[in-house]
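J.: The listed protein sequences correspond, in order, to chains A and B. Residue numbers for the first sequence follow numbering that gives the first Met the number 0, so the first one is 0 and each next one is one higher. Residue numbers for the second sequence follow numbering that gives the first Met the number 0, so the first one is 0 and each next one is one higher.
Source of the hints: derived by calculation from the structure; they are not laboratory data. Note that the structure is a prediction, hence the values are computed from the model and not measured. Backbone N, C-alpha and C fix where the C-beta goes; we use that ideal spot for every residue, glycine too. Fair warning: there could be bad hints in the mix.
Sample of chain A residues at the chain B side, in silico, Cβ under 7 Å [claimed, not checked]:
| no. | residue |
| --- | --- |
| 1 | 18 |
| 2 | 60 |
| 3 | 680 |
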Amino acid sequence: MGVEGIGASVARKEDKRFLTGKGRYTDDMSVPGMKYAFFVRSPYAHAKIKSIDMSAAKDMPGVIGILEGKQLQADAIGNIICGWMIHSKDGSPMNMGVWRPLAHETVRYVGDAVAIVVADSLGEARDAAEAVVVDYDVLPAVTEAVKALEPGQPQLHPEAPNNLIFDWQIGDGAATDKAIADAAHVTEITLRNNRLAPNPMEPRATLGIYDSAEDHYTCYTTSQNPHVARLVMSAFYNVAPENKLRVIAPDVGGGFGSKIYIYPEEIVCLWASKKTGVPVKWTCDRTEAFLTDAHGRDHVSTVKMAFDKDNRIIGLKVDTIANLGAYMSLFSSAVPTYLYATLLSGQYAIPAIHANVRTVYTNTVPVDAYRGAGRPEATYLLERTMETAARELGVSPAELRRQNFVRTFPYQTPVIMNYDAGDYEASLEAAMASADWNGFAARKAEAARRGKKRGIGMSCYIEACGIAPSAAVGSLGAGVGLWESAEVRVNAVGTIEVMTGSHSHGQGHETTFAQLVADRLGVPIDSVNIVHGDTDKVQMGMGTYGSRSGAVGMSAVVKALDKVEAKAKKIAAHLMEADESDIVIENGELKVAGTDKTLPWFQVALAAYTAHNLPAGMEPGLKEGAFYDPSNFTFPAGCYICEVEVDPETGVTDIIQFVAADDFGNIINPMIVEGQVHGGIAQGIGQALLENVHYDPQNGQLITASYMDYAMPRADDLPSFTLSHQNTPCPSNPLGIKGCGEAGAIGSPPALMNAITDAIGNNSLTMPATPQKVWAALNAAN
Amino acid sequence: MAKVKMTVNGRQVGSDCEDRTLLVHFLRDNLALTGTHVGCDTTQCGACVVHMDGRSVKSCTILAAQAAGSTITTIEGLAANGELHPVQAAFKANHGLQCGFCTPGMVMTAVDMIRRHGANLDEATVRAELDGNICRCTGYHNIVKSILAAAAEMAGAQQAAE
Numbered sequence: 000m001g002v003e004g005i006g007a008s009v010a011r012k013e014d015k016r017f018l019t020g021k022g023r024y025t026d027d028m029s030v031p032g033m034k035y036a037f038f039v040r041s042p043y044a045h046a047k048i049k050s051i052d053m054s055a056a057k058d059m060p061g062v063i064g065i066l067e068g069k070q071l072q073a074d075a076i077g078n079i080i081c082g083w084m085i086h087s088k089d090g091s092p093m094n095m096g097v098w099r100p101l102a103h104e105t106v107r108y109v110g111d112a113v114a115i116v117v118a119d120s121l122g123e124a125r126d127a128a129e130a131v132v133v134d135y136d137v138l139p140a141v142t143e144a145v146k147a148l149e150p151g152q153p154q155l156h157p158e159a160p161n162n163l164i165f166d167w168q169i170g171d172g173a174a175t176d177k178a179i180a181d182a183a184h185v186t187e188i189t190l191r192n193n194r195l196a197p198n199p200m201e202p203r204a205t206l207g208i209y210d211s212a213e214d215h216y217t218c219y220t221t222s223q224n225p226h227v228a229r230l231v232m233s234a235f236y237n238v239a240p241e242n243k244l245r246v247i248a249p250d251v252g253g254g255f256g257s258k259i260y261i262y263p264e265e266i267v268c269l270w271a272s273k274k275t276g277v278p279v280k281w282t283c284d285r286t287e288a289f290l291t292d293a294h295g296r297d298h299v300s301t302v303k304m305a306f307d308k309d310n311r312i313i314g315l316k317v318d319t320i321a322n323l324g325a326y327m328s329l330f331s332s333a334v335p336t337y338l339y340a341t342l343l344s345g346q347y348a349i350p351a352i353h354a355n356v357r358t359v360y361t362n363t364v365p366v367d368a369y370r371g372a373g374r375p376e377a378t379y380l381l382e383r384t385m386e387t388a389a390r391e392l393g394v395s396p397a398e399l400r401r402q403n404f405v406r407t408f409p410y411q412t413p414v415i416m417n418y419d420a421g422d423y424e425a426s427l428e429a430a431m432a433s434a435d436w437n438g439f440a441a442r443k444a445e446a447a448r449r450g451k452k453r454g455i456g457m458s459c460y461i462e463a464c465g466i467a468p469s470a471a472v473g474s475l476g477a478g479v480g481l482w483e484s485a486e487v488r489v490n491a492v493g494t495i496e497v498m499t500g501s502h503s504h505g506q507g508h509e510t511t512f513a514q515l516v517a518d519r520l521g522v523p524i525d526s527v528n529i530v531h532g533d534t535d536k537v538q539m540g541m542g543t544y545g546s547r548s549g550a551v552g553m554s555a556v557v558k559a560l561d562k563v564e565a566k567a568k569k570i571a572a573h574l575m576e577a578d579e580s581d582i583v584i585e586n587g588e589l590k591v592a593g594t595d596k597t598l599p600w601f602q603v604a605l606a607a608y609t610a611h612n613l614p615a616g617m618e619p620g621l622k623e624g625a626f627y628d629p630s631n632f633t634f635p636a637g638c639y640i641c642e643v644e645v646d647p648e649t650g651v652t653d654i655i656q657f658v659a660a661d662d663f664g665n666i667i668n669p670m671i672v673e674g675q676v677h678g679g680i681a682q683g684i685g686q687a688l689l690e691n692v693h694y695d696p697q698n699g700q701l702i703t704a705s706y707m708d709y710a711m712p713r714a715d716d717l718p719s720f721t722l723s724h725q726n727t728p729c730p731s732n733p734l735g736i737k738g739c740g741e742a743g744a745i746g747s748p749p750a751l752m753n754a755i756t757d758a759i760g761n762n763s764l765t766m767p768a769t770p771q772k773v774w775a776a777l778n779a780a781n
Numbered sequence: 000m001a002k003v004k005m006t007v008n009g010r011q012v013g014s015d016c017e018d019r020t021l022l023v024h025f026l027r028d029n030l031a032l033t034g035t036h037v038g039c040d041t042t043q044c045g046a047c048v049v050h051m052d053g054r055s056v057k058s059c060t061i062l063a064a065q066a067a068g069s070t071i072t073t074i075e076g077l078a079a080n081g082e083l084h085p086v087q088a089a090f091k092a093n094h095g096l097q098c099g100f101c102t103p104g105m106v107m108t109a110v111d112m113i114r115r116h117g118a119n120l121d122e123a124t125v126r127a128e129l130d131g132n133i134c135r136c137t138g139y140h141n142i143v144k145s146i147l148a149a150a151a152e153m154a155g156a157q158q159a160a161e
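Okay, chain B solo, but in the shape it has when bound (with noise of 0.2 Å):
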């Protein structure tokens, strides 16, 4: 057992956990934050996508003892104000979910991705780069669209702010 520390969702947190426990069990189990998924044992799926430190990572595949010390964002501390991410918002008017388990990490991984690539993403890259996120239901197909009308309107507000 260790008390491991970092700060989730703009709060700093500590709590008792088993050397073995891996990030996402101590989100989903210690802090509650039950939002991030477990899909697979073999870090696959993506269900379990977060942002450590501003990058997305699976937190099936990282010890819990690992992010000690570092900034974690989850789902729930993707909404700010009430206001869903434009990623969210863009998932919601594209239909880009079904029966929503895998959302959460489509969602922080389409939100890294324009991050990186901006409105230079298409559609060739956004599917080479949702490799690592599988989705059953949706056939990935509202899941594109959804993360292609986000970049456009996050670059457009982007434009509109400078």
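Just chain A, with the same shape it has in the complex (with noise of 0.2 Å):
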């Protein structure tokens, strides 16, 4: 693997700049000219607009230009769009309501935008906005999903009547209806996974310039995949054609899923430029990113599954209601149907498996994919299952899980997936070790004695990454590929620079794929750089979201390496004389296998662009791209084992251990896969112990709206993670790799669900598990 190369935990490429203060992020932004705006949005979560009156904010210090989306639409400027479409299983298309950028006629959460104020200082525009009088005529609001689909419910959109988006179904009724007929027991529970904000630190941003003279828009966003956003504000929301319109996302403060999606501020901060005449910045302030950020999760499931009489899974069935907010985002519809109820076999063969998914409008701000999107939900659903029916069996937690794994691949599943790889009873085996599962009742007895509650509790996790073969999502009804690119281009002094459609916002890419190439060609990774996150600089990508960097973003660098590869050794080979076939590449060296016969590495690519002396018919220079399309999903898994210790006297948890073995495949810079680990399990604490959207049901004014109100994790609230591998190579991709980025915020909530209930002696227990549920669920259960 060489000190730089694949497997090598090489301190990060990126961190010095993020170190010393010279990260440029989108806010960190400034060019000639520049104004700043500040949206008007609804303090209502349902109204009509009867009127804005602009009258008085137009003529307050500094104020450039109001514009509201009368104006927007007159200018055809498009209405946002989902961009997956699902049927319902009558066959009818979702029904997708109408979500312009600035609302005019109707707003149906709070923090809808209404209209924005351009100014000279961020102060003015805030001043003249609130100056901005817009008359609502206020409606009921509806913010629970079930509640939405109650008849006499306030309605969202004409075109959803009811509030049902779609009514979708996927696996075999029948086959499974009959499977919990025949059961000789069948477990049923009723779960709640609840709604998150996403919460990067750097809150969004755009600055919007246009330049009159080229008619042409640049747009920098904190976007975690500018291609798409690209190709969406122009294509759909008709901002301008592709070669009118750089869009650049810098570097970018963490995404999360968060910012995926083309938001209205993006769109409306480059019309807003070419308005006023002068570029347009717009930040974020925290609340407006817990007002407008897509919130990830929120959904209310029953599940049943079904038992033959040695504790074999035989069905499982599921009925999900998803919350979608008050409008379609981007990838909405896919989350909790494609991405969700395609693991809802988990690491299990079960023979018969139906899920029926209702999406649903609500008066609250749109829901779409948050780290794991749709994983998180059927892991929680899965294994609070599989531990709630343990307990009814009277059987280990550990010994149900291993008596149903999947042991052969490949595996189909009913739901989809054909699971190509790997090996479940190798992390349940480590994670019991690492965690000391059998001496967990000498430590519960110790507790005991300290007048404390100490429980245990583990989870088996599947996803998918490696997003995705785009035939088969384009079957399902995605309106993308999703596919990426690279490009690896030779400098004449043997550098490289390497081009890719990921977009790295936290992942370190400038480090792994740089140790990719270090590791091809044996040179330094410093001699590498990596570049991403321009349009203008890179060729169409598809960005970063689903664990798919590695997977499928470093695919295609390697299949854009083996044309360079090939191409230097032609060049070699003639240059010394040799056959092209015995020549090798390694540290830094062209050599004739068995020779002494070598040319460094910069003097084959100086031949290449010197071209004095090519093969015959041969093109000068040294660059080559490719694309890759993934042939499958790749299918990460593991298991996770927490262990708290209540005290029944405050109802508080205290994480004892928290234990993760995970397999991801092969393994590129083991330091920055840990990270990620630890990241999403953090995430993942975060939603079982201590985070919650609440809206309030009465009139849809969200509480939660900062961080004095929305329980983050801080590092008093986590220990330190106990972390270990059992890889099975993944088959599909040239790396093998299976992607990581969401594993920890996907397998942990049940496991610490499950040591919390275990510790309480009560299985009625909701996320967050905050002090005063535990407290109450533990005394009722006494």
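Combine both chains into one complex, guided by the hints.
T.: Below you can see the structure in the form of structure tokens.
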């Protein structure tokens, strides 16, 4: 592997700029003549707009322009769309309502944008925004999905009667019903997957710059996928043709899914820059982020899991209601369907599965993918059900899982996915050994002597990453292909630039992608630059989400490197008068195998560009591009164990240990992979213990709209984590990578909830398990 | 509008700003020191931590005018002669950062924490003292590790010097 190659824990190349304050995030950008935007937003969850009066505001100090939705519509800027078509089980297409970038008829959630104020300073823009008088006719609001489906509830969109977006199913309902009827035991449970706010530490921001001389737009934005942003803004929102729109996502301070989507603000700031004649910068404040960033999760599900007399699972029936908020965000329809129900087999061989999913409009901010996106919901559902079943059946939770594991691969589940490789028992064994599972009884007794309730819980997760084979997702309704691109550009002196369509916003691609090149060519990683995040510099790419950058993005780099190496070998063979098949690349040199003939890498690169002595007919230069379209999803899996101690006096849960045993396939940089798992687990613990988006059900006001009200995990809420890897290489991509970005957030919530419910002896506990809820559940149990 | 003067990273600076200007915006907008970040509106996240007269403060919670005449060190002023400060070096060696947005505040908080506790820092103290700094990427695991490593390194260096 070498000290900088694949498998080495290389310190990150990008760290120095972040550590010295030289990172360049969107809000750090500044251009001549730049002005500041502030959005006028609805204070109501549901209302008709009767009038918008700007007369007082437009004369306030510093104000350059105030623009509203009617003008946007008159300029033919398009409405925001969902890019994944789902059909209901009756064959009808999903009922998508209208989402205007600036509302001018109806507002549907608190924070819905109504107008933009552009002024000399942010303070002046904010002052003027407060002076814009919007006359609202307030309507009743509904915030909970289950309630929104009931008769007589407020109706959000005329396109969606009863607020139902679609009623979708997957699997074999009749076979599943029969399994349940034939079962020796059926475990039934209703589970709520709580609503979360993603909260990357960098709030969203955008800088729109219109150049009237060139009729050209530049958009700096906090995006995980700048090319997708450009495509959507060109093709659907009519902002500008692609060749007249440059999108730059510079350093981006975390995303976790929430920066995949194209929000109203990017569109409106670009349009406003043209209308006002000045560059327009908007930076979200934190409360605005809580109000307007797409949220995650928010499912209510009922589950029936059927077992035969030998405790083998014979059927699983799931009914889920998913809240999609007030509008359909870009990938919102895919999350509770193909990213969720296709993982309902978990690590288990289940012959019959059926899931029904209804998605619902409510007067809340749109819900879309948040770290894990559908897979945490599936894992939570399965793993709490498995734990519940083990308790009901009186068997060890580890044994019940072990008995039902998929053991031969490939394994075709009844819900589309075809698992290609894995060893679930290996992770289970490793986690149990690491956690000293067998010593738990003694620890529990010791804790009891101190008056504490100790509990232990596990979770065996599987997820689908490497998103995704384009034709497969196209057949399931996706509006785009999910391949990735790369270009490897060898400079004349042998240094290398890699242009990737993946985007790094914390993942460390500038290091790991360089490690791949270093591994292949034997050059130092300092001679390799990774270029990403700018549509003018990088060929079309699909961006970073769904733990896809290693499995898909790096596979594209591999394909491009294959071509570069092939050409370099031809040149070297020609120069050294050897057979091309005898050339090997090692330690930055091209060698004729079995001889002492060698050429340094830079001399071959130079020869490619001087072109004085190339093989007959060969083009000069050394630069190759590739597109990689995966042939299957990848299937990271693992076992997480959590041990807790509950204080019966206060209901406070203390996490004693958290063990993760993961199978990510091959690993490029173990240090970075571990960092991804740490962060994912913290978000999962946050969901289980602390975090919850709460809307007032009476009026739709967001109660948890600041860090004073929304409990982010802090350092003293968490333990240090114990990690290990039991890797089975992925057979479907050249590097054998499965992906690691989301696993922590997927596997951890049920492990923690299983531990707490074990400690308190009451399974009726919802996330987040706050001290108040735990105390109440504990006392209800006793 | 008022002219506010202070010493920032060893340089005397003065600039006109609105009375309501917060120190963080003065640093970012008037002095173009964009390493100090704004991550919340309620003094919770700590992305904006700088040192004012040698102590860590949240620059989003101080008016620029209140900092007039003071000596400020920002993340840009921490590395000397192109060498990373031991805390910065420890964050790099221990992968104590991912997206980098909370990092300047984390590092400035850590420097002050080590100044006050020295080699007596332990994991529980570090975690308790990080209560005012939020990170969404790392789960704090490697931040805690970085700070403990830096504290040990700096204590060792001090001992060697004595």
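J.: Mind listing which of the numbered hints don't hold for this structure, in increasing order?
T.: 2
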